Amino acid sequence: MLIFEKSKTGRKCQNLPECDVPVVTLDAKDKREVKLHLPELSEGELSRHYTELAKKSHGVNDGFYPLGSCTMKYNPRVNEVAAGLEGFTDIHPLQPTETVQGCLEVFKTLESYLCEIAGMKRMTFQPAAGAHGEFTGLLLIKAYHKSHGDEKRKKIIVPDSAHGTNPASAAMAGFSVVSVPSGPDGCVDIEKLKEIAGDDVAGLMLTNPNTVGLFDKNILEITKIIHDCGGLCYYDGANLNAVMGTVRPGDMGFDVIHLNLHKTFSTPHGGGGPGSGPVGCKEFLVPFLPSILVEGEDKLVAVKEKDSIGEMKNFYGNFLVVVRALAYVMTLGKEGIPEASKNAVLNANYMMNKLKDLYTMAYDEVCMHEFVMSLADLKKQTGVSAMDIAKGLLDFEIHPPTMYFPLIVDEALMVEPTETESKETMDEAIAVFRKLYETAGEDAESLHNAPMTTPVTRMDEVGAARHPILRYQFED
Amino acid sequence: MGSYVPNTLDERKAMLNEIGYESIDDLFRHIPEQVKIQGGLDIPEGMSEMEVLKKMKEIAKKNKVFPTIFRGAGAYRHYIPAMVNNVISKENLQTAYTPYQAEISQGILQSIFEYQTMMADLTGMDVSNASVYDGATAAAEAVAMCADRKRKKAFVSATVMPSVLEVIKTYCFGNELEIKVIPEKDGVTDIDYLKEHIDKQVACVLIQHPNYYGSLEDAQTIGEVAHEAGAKYVMSVNPISLGALKTPREYGADVAVGDGQPLGLPIAFGGPYLGFMTCVESMMRKLPGRVVGETEDHNGKKGYVLTLQAREQHIRREKASSNICSNQALCALAVGVYLSCMGNEGVTKAAEQSMSKAHYMAEKLAGAGFKVENKQNFFHEFVTVSDTPSEKVLKALEDEDILGGYPLDDKRILWCCTEMNTKEEIDKAVSILKEV
Numbered sequence: 001m002l003i004f005e006k007s008k009t010g011r012k013c014q015n016l017p018e019c020d021v022p023v024v025t026l027d028a029k030d031k032r033e034v035k036l037h038l039p040e041l042s043e044g045e046l047s048r049h050y051t052e053l054a055k056k057s058h059g060v061n062d063g064f065y066p067l068g069s070c071t072m073k074y075n076p077r078v079n080e081v082a083a084g085l086e087g088f089t090d091i092h093p094l095q096p097t098e099t100v101q102g103c104l105e106v107f108k109t110l111e112s113y114l115c116e117i118a119g120m121k122r123m124t125f126q127p128a129a130g131a132h133g134e135f136t137g138l139l140l141i142k143a144y145h146k147s148h149g150d151e152k153r154k155k156i157i158v159p160d161s162a163h164g165t166n167p168a169s170a171a172m173a174g175f176s177v178v179s180v181p182s183g184p185d186g187c188v189d190i191e192k193l194k195e196i197a198g199d200d201v202a203g204l205m206l207t208n209p210n211t212v213g214l215f216d217k218n219i220l221e222i223t224k225i226i227h228d229c230g231g232l233c234y235y236d237g238a239n240l241n242a243v244m245g246t247v248r249p250g251d252m253g254f255d256v257i258h259l260n261l262h263k264t265f266s267t268p269h270g271g272g273g274p275g276s277g278p279v280g281c282k283e284f285l286v287p288f289l290p291s292i293l294v295e296g297e298d299k300l301v302a303v304k305e306k307d308s309i310g311e312m313k314n315f316y317g318n319f320l321v322v323v324r325a326l327a328y329v330m331t332l333g334k335e336g337i338p339e340a341s342k343n344a345v346l347n348a349n350y351m352m353n354k355l356k357d358l359y360t361m362a363y364d365e366v367c368m369h370e371f372v373m374s375l376a377d378l379k380k381q382t383g384v385s386a387m388d389i390a391k392g393l394l395d396f397e398i399h400p401p402t403m404y405f406p407l408i409v410d411e412a413l414m415v416e417p418t419e420t421e422s423k424e425t426m427d428e429a430i431a432v433f434r435k436l437y438e439t440a441g442e443d444a445e446s447l448h449n450a451p452m453t454t455p456v457t458r459m460d461e462v463g464a465a466r467h468p469i470l471r472y473q474f475e476d
Numbered sequence: 001m002g003s004y005v006p007n008t009l010d011e012r013k014a015m016l017n018e019i020g021y022e023s024i025d026d027l028f029r030h031i032p033e034q035v036k037i038q039g040g041l042d043i044p045e046g047m048s049e050m051e052v053l054k055k056m057k058e059i060a061k062k063n064k065v066f067p068t069i070f071r072g073a074g075a076y077r078h079y080i081p082a083m084v085n086n087v088i089s090k091e092n093l094q095t096a097y098t099p100y101q102a103e104i105s106q107g108i109l110q111s112i113f114e115y116q117t118m119m120a121d122l123t124g125m126d127v128s129n130a131s132v133y134d135g136a137t138a139a140a141e142a143v144a145m146c147a148d149r150k151r152k153k154a155f156v157s158a159t160v161m162p163s164v165l166e167v168i169k170t171y172c173f174g175n176e177l178e179i180k181v182i183p184e185k186d187g188v189t190d191i192d193y194l195k196e197h198i199d200k201q202v203a204c205v206l207i208q209h210p211n212y213y214g215s216l217e218d219a220q221t222i223g224e225v226a227h228e229a230g231a232k233y234v235m236s237v238n239p240i241s242l243g244a245l246k247t248p249r250e251y252g253a254d255v256a257v258g259d260g261q262p263l264g265l266p267i268a269f270g271g272p273y274l275g276f277m278t279c280v281e282s283m284m285r286k287l288p289g290r291v292v293g294e295t296e297d298h299n300g301k302k303g304y305v306l307t308l309q310a311r312e313q314h315i316r317r318e319k320a321s322s323n324i325c326s327n328q329a330l331c332a333l334a335v336g337v338y339l340s341c342m343g344n345e346g347v348t349k350a351a352e353q354s355m356s357k358a359h360y361m362a363e364k365l366a367g368a369g370f371k372v373e374n375k376q377n378f379f380h381e382f383v384t385v386s387d388t389p390s391e392k393v394l395k396a397l398e399d400e401d402i403l404g405g406y407p408l409d410d411k412r413i414l415w416c417c418t419e420m421n422t423k424e425e426i427d428k429a430v431s432i433l434k435e436v
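From first to last, the protein sequence lines stand for chains E and B.
Heads up: the first sequence runs through residues 1 to 476, numbered per the working numbering.
Heads up: the second sequence runs through residues 1 to 436, numbered per the working numbering.
None of these hints come from the bench; they were simulated from the model.
No false leads were mixed into what you were given.
Here are the simulated distance ranges between beta carbons:
1) Met284/B - Lys35/E: 20 to 30 Å
2) Lys6/E - Glu49/B: 34 to 44 Å
3) Asp228/E - Glu176/B: 24 to 34 Å
4) Glu438/E - Asp42/B: 46 to 56 Å
5) Thr388/B - Pro22/E: 25 to 35 Å
6) Lys6/E - Glu281/B: 19 to 29 Å
7) Arg285/B - Asp199/E: 34 to 44 Å
8) Lys6/E - Lys371/B: 44 to 54 Å
9) Glu221/E - Pro183/B: 52 to 62 Å
10) Ala310/B - Gly383/E: 21 to 31 Å
11) Lys371/B - Leu2/E: 47 to 57 Å
12) Ser89/B - Ser422/E: 18 to 28 Å
Using 20 Å as the maximum straight-line C-alpha spacing, the simulated EDC-like pairs for lysine to aspartate or glutamate come out as follows:
13) Lys90/B - Glu80/E
14) Lys354/E - Asp427/E
15) Lys12/E - Glu352/B
16) Lys90/B - Glu43/E
Short derived list, chain E residues pointing at chain B, Cβ under 8 Å:
17) Pro22
18) Val24
19) Pro93
20) Ala129
21) Thr457
Note that this is a predicted model, so its numbers are computed, not measured.
Cβ coordinates follow ideal geometry from the N, Cα and C atoms, glycine included.
Bound conformation, chain E alone:
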């Protein structure tokens, strides 16, 4: 039941005292005339309403969440405590510098750690999410070429296996998108890349390991091809959880990078956000960075670059998300960071090997932190699709893997267990995957109808898009 349907005129929570100064009223020309329809409930009823909504939601704490390319690792509680400190939550963004030394220290410290992990010179925390980071990074590339009077570079190369945000960000930055195909090994087709590379190329966007979970071994050659044609290399940090502490994007030849603090650095996804997508770059791109950079040792100051692309959002980024990520990196430290990624890779390989006799792996070789299965054969044999298996998992309280991505794999399911899952959890999930495979052969119909135990069954999405109902309609 919607909160509006529970509302009763006259019920309320008592939050504010009465006004202690003379009340000022507005002239008719600026006074609101249309009625407000906010809910009216007692505090107890409200509290129950949200408890009910929480029960009908599934977070990382509700069970295994192997959502490929999203890195749904455990969100440590100490991070939440740190982010709730009054000394962080109650600081106005425009306070005098000497009164925000702690906030600046948060940025400075995490910047130094993440630049070391990424192999970058400096980093801005202003981008609020991964896609916002991509847009920022691409504008840095645009500004760089412009500063050299090189205005003909209009193309951004993106692999056909890339995240949808890559081409969308390139388009927003005013570039045309050229897709480079993947070879049969799932990696960038080098010969095709050479054909595309030219003096109209502004840059390449890539994630490594790529979206099929493989480390592209030709990475140094790839970044060299782009640099040789005068382009720059952008690293989509979505998959950094596979290699942090082992390989640095900067050493692979990338010039600019975004990280996803809400993936790799354990901050909660919040049902879709807020995230944080800091952008790091090599020294030659630093002059174009947006927002503030923190300088100084004892007395910290915030400075702005004079050739900056300009502000990407108000103020300095999703600060409280940055606080959480700092607590995480402090906890793990120099040994814990690579330990996390190594175990992420171990867990993925463990699951892949325990499933590959039944499920067809899109690429049957050592994977990194995630692997992609193709259910095309299963579908041909039984009619059970990747969607059906995904929905079947819901009845076992397992969040499905990413479905139908990357686009280059037919009937794809992309599984990323992360390092924070135990062997038992994975063994249980493996058993469920195997059971569902059997069910597909024996009783395909039951999987077409899955899930059965969730608050609702499969939704009519076509109807929702065709006749959009995007809000509750009040009677008056």
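With the hints as your guide, set chain B onto chain E.
Relative to chain E, chain B alone:
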């Protein structure tokens, strides 16, 4: 070192053996040696939870928490009901992903549907998206959503928050739309300039109301000028003000945007906040970002799903209406809880009290020699001019643990009051300033 890896060394070994490997390093053997880090990361060793928290508290202590704040300028300290933090700390909601799997995400989807309804109602619009990053990116996205093949220019008032204008310009460095700034005249948008310069290539006119200086614009007339030229009208508004002020729809706007921070989010050194975007029905399919819709499951049971996804990056790739993927969902939940806790009466009260206290303070400051610059009526922010240097004024307040207004320059200060500022606080601040 701290670690969140559950598997013991023995278990890891057993797992490796089971899949035919000797060590974890075997799994990284195919990575070229040239790109591997030699000698480990140059960052400090990890710490226990106790040490981490102690360190974080030490860092937080280096910030000064002002018990009294008269500064707004884009970040507003309002009262946050206890319920808000309680709800957004619920782990099922806090640790969930974007609700693509509708069957197990009805709680989150319903909360977004409720948020959309409340924001549409508050702004008087037909539809709302599920949030974007903040008020500035909402404004920039609104400009982009109004543009089409024939209209590639936007007029933005000089009286919007300066960083909002900057963000619009940065986004337009990307999408190559042209931005014309409408100058200010007497602290508000120069309507005569707009009338003279607007043409058929203009996609939209964007103003902020109340504007950066707190003043009420002639929002009705600006909308009429925009529409006469066939342009869309975008209003950036402070959502708290809508408890008292006319809605953007009543003023004639096609799109309303703004920062949702005043609705239950802490000032938190600038974020996370949330950008809201609402619009008239005819522009629904141009709205960027996630949108939740009502539908039925296969048994006819009512439920909610992410919808109109044909606009989005994961479907349309380079042809998407925006690249947005992660938004500010948990902040949208906070806003929904805030608005439900406050209810009609609470939001109206917060708006009226903020405005009344600002007017009370302005009057008192005027009595203390600070001339109020606003020529028009203002909401909860206003500008004073004084011969005493701003720095000196603000220092005197800081010494008494009061964060004064935001210095616009050496003489002008932008003040803000909310329901949090008591009469006693205001009187105290003014009495300090009488001595400066």
